[in-house]
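S.K.: Residue-level listing of the chains:
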Amino acid sequence: MFENFDPREGKRLQILNEDGQINSDLPKLPMLTNKQALHAFKIMVITREADDWAVSLNRQGRMPTYPPVKGQEANSIGSLMAVKNEDWFVQAFRELGGLLIRGVPLTQHYLYFLGNEMGSFYEPEKYHVLPISVPISSQLPHAVGLAYAEQYKGTDNITIVFNGDGGTSVGDFHESLNFAGVWNAPVIFYVQNNQYAISVPRHHQTASTTIAEKAFGYGFEGVQVDGNDVFAVYAATKLAANHARKGNGPTLIEGFTYRLGAHTTADDPTRYREDQEVADWIKKDPLIRLEKYVLNNKLITEQQIVTLKKEAKKQAHAAFEEADNFQKESLDNTFRYTFKNIPPILEEQLEQRRELEGGLK
Amino acid sequence: MQALTIISAVNDALMTEMQNDKNIVTFGEDVGVEGGVFRATVNLQKKYGEKRCFDSPLAENAIVGTALGMAMGGLRPVVEIQFSGFVYPAFNQIITHVSRMRNRTRGALTAPMVIRMPYSGGIRALELHSESMEALFGHIPGIKVVIPSTPYDTKGLLISAIRDEDPVIFMEPKRLYRAFKQEVPEDAYTIPIGKAAIVQPGTQLTLISYGSQMKEAKEATALLQKEGISVELIDLRTIYPYDKSTILESVKKTGRLLVVHEGPRSFGVAAEIIAMVSKDAFEYLEAPPTRLTGADTIFPLPSAEHHYMIHTAHIVKRATEVIRYQP
Ligand SMILES: Cc1ncc(C[n+]2csc(CCOP(=O)(O)OP(=O)(O)O)c2C)c(N)n1
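Residue numbers (the numbering used here), protein chains in the order written: chain A, 1 to 361; chain B, 1001 to 1327.
Since the hints were derived computationally from the structure, they do not count as laboratory data.
Keep in mind that the hints are not guaranteed to be accurate.
The list that follows gives simulated cross-link-like pairs (lysine to aspartate or glutamate, DMTMM-like), each with its CA atoms no further than 20 Å apart [to be verified]:
#1 B/K1317 x A/E357
#2 A/K328 x B/E1305
#3 B/K1046 x A/D268
#4 A/K11 x A/D25
#5 B/K1046 x A/E274
#6 A/K42 x A/E351
#7 B/K1279 x B/E1249
#8 B/K1317 x A/D25
#9 A/K42 x A/D19
#10 B/K1317 x A/E355
#11 B/K1051 x B/E1017
Between beta-carbon pairs, the in silico distance windows are [to be verified]:
#12 A/K292 x B/K1181: 24 to 30 Å
#13 B/F1091 x A/R62: 35 to 41 Å
#14 B/N1023 x A/N242: 53 to 59 Å
What the simulated footprint calls covered on chain A by chain B, stretch by stretch (three residues with Cβ under 8 Å from a Cβ of chain B suffice, anywhere in the stretch; the number is not a length) [what the hints assert, rightly or not]:
#15 35-46
#16 200-208
#17 332-338
#18 347-356
Each residue gets a CB set at the ideal place from its N, CA and C atoms; glycine is no exception.
Use the sequences and the hints to build the structure in full.
M.R.: Quick look at the structure:
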């Protein structure tokens, strides 16, 4: 399906260039409609505002460690737009845009990073989203298992799973690709190659030229897309999803992108990367080029964008306050979810803890 | 002498020992250019070059497995696992090979290597960044488990671990990484593995703890002292092989024992110590040996972690109960 974009021939799929122009000499590919492009833009605006707000809240001491997604938004936004709501969405932890496409309330994302377990409570029937996975790439086998389960049940639901370039070094990544290949599982592996795993550059993770080319060793196709181009991300994911839905098995998509912010709010990226590099990538910002596109095509006016950004900021602030005022997890709840039924020895420990805390619950 | 924090004592131990022994190499995620996410290996690459201090790809099992290969090949690897919560993929190498190589080959091949990792909670961290799972390691035959609680001990114990002929899991109390400074000699020195420290001598109660929890244990000891209760505070320092004779000597003197640790209760370090004391100091006991530990629950995310942590007041309370116990 990606014969024209074989990563082994040094090819990368780009549809929307840095100037917001559509590349016209491409073969026919799935395209975002005007309405979809505008939706992608609106979600990207709120993602950016919400993300920036989380970072500044951390500086104010109101938010614990937070991993910014700035610069990478197009990856999860474009790909989540290319699958349907019943398709499983298995997150790593930098897919805020995709969550918003899915309809997950922003409050929930904030709640998680405020350190409340309820932030991982995604109603399964409603969202088909797995919780954030902190151990790198450990979520990949789950995605293959979910894909198997859907195939087993005879649905046409597929699974899309995310990880990062650093995550491609983990055994779970290779084992999952291998299983998916052997089982012909309906799964899309989406690697957000943001060029760094904390301080470690991509070339220290793998000696292969691209991440996408690794797929061929497992018996299926891989493609590298411009991960800052929401059109390219959408097109590749749409093709891969159709392919999986038809029973033709997995695909590996490498989104070539960049983390404009720090790894987390606890990280200082000036220790390991050059300002010039960051400056070069700012020019490739996915939001800037999508903004140019929606303006050039008169899908929105400058004035409407100003209002949209203002509204997005307000929405982010309100969502955070809601999360911050959410009921705190109780002592009982720290015990209650260990098992379906609390065993007597654990009940006794809970009693002792209540007594230590002064009889309060 | 220099005043160092625990994290700078780790760095200083590596700096000093890498100078002394050309076979020492150190690697792990973000260990090279960045100098570790906690700065434990900062400037080592600058001083000793990229062959001796470097970033590895992100894969804990391969970090430990390749370190074992290096150790069998004559090097002395000191690897960093970024957080103890990410060591689990490496359990395969640790249990199936690292701990067994000496026994398997009847001493023909050995595993002189150190696996360093920060552990413990109370720092409002993300999931899997707060646990204290030292008991898992203590249960593996063939490896040593060391946990310092002061800058001085950190340097001396880490150098001992590096020089040890057997594999050592070196768990660093990250809550105390920058909590306080202590005078630390500039030259290399060792503190024996397997030897506990009597932090404060006392007569009425033996209080045993280690690592991050030592902060609250010290505070509780001082508070109890004010109330006229004389506590003998022991810092275990080595989880395995633990210092049986120091513990027994103390309990035989005080007749009362409280063991405190942050990790979960069941099958934990306190269980082991109390079982040993119950047998070997039975006639000396004036109260049931008692433990105050983390619960057998998943470590909560930041907003509820105060429901998990053991606070100074909790230790004082339990200690007072042990003191007041009447048969
Ligand atoms: C198994 C495991 N090891 C180490 C870590 C600590 N850690 C958190 S994020 C990270 C880097 C991940 O890099 P990458 O996969 O490229 O994703 P990115 O953070 O760039 O999105 C590391 C080493 C972890 N979370 N899990």
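S.K.: Go through the numbered hints given earlier and state which of them the structure violates, listing their numbers in rising order.
M.R.: Hints 6, 8, 12 and 15 contradicted; others consistent.
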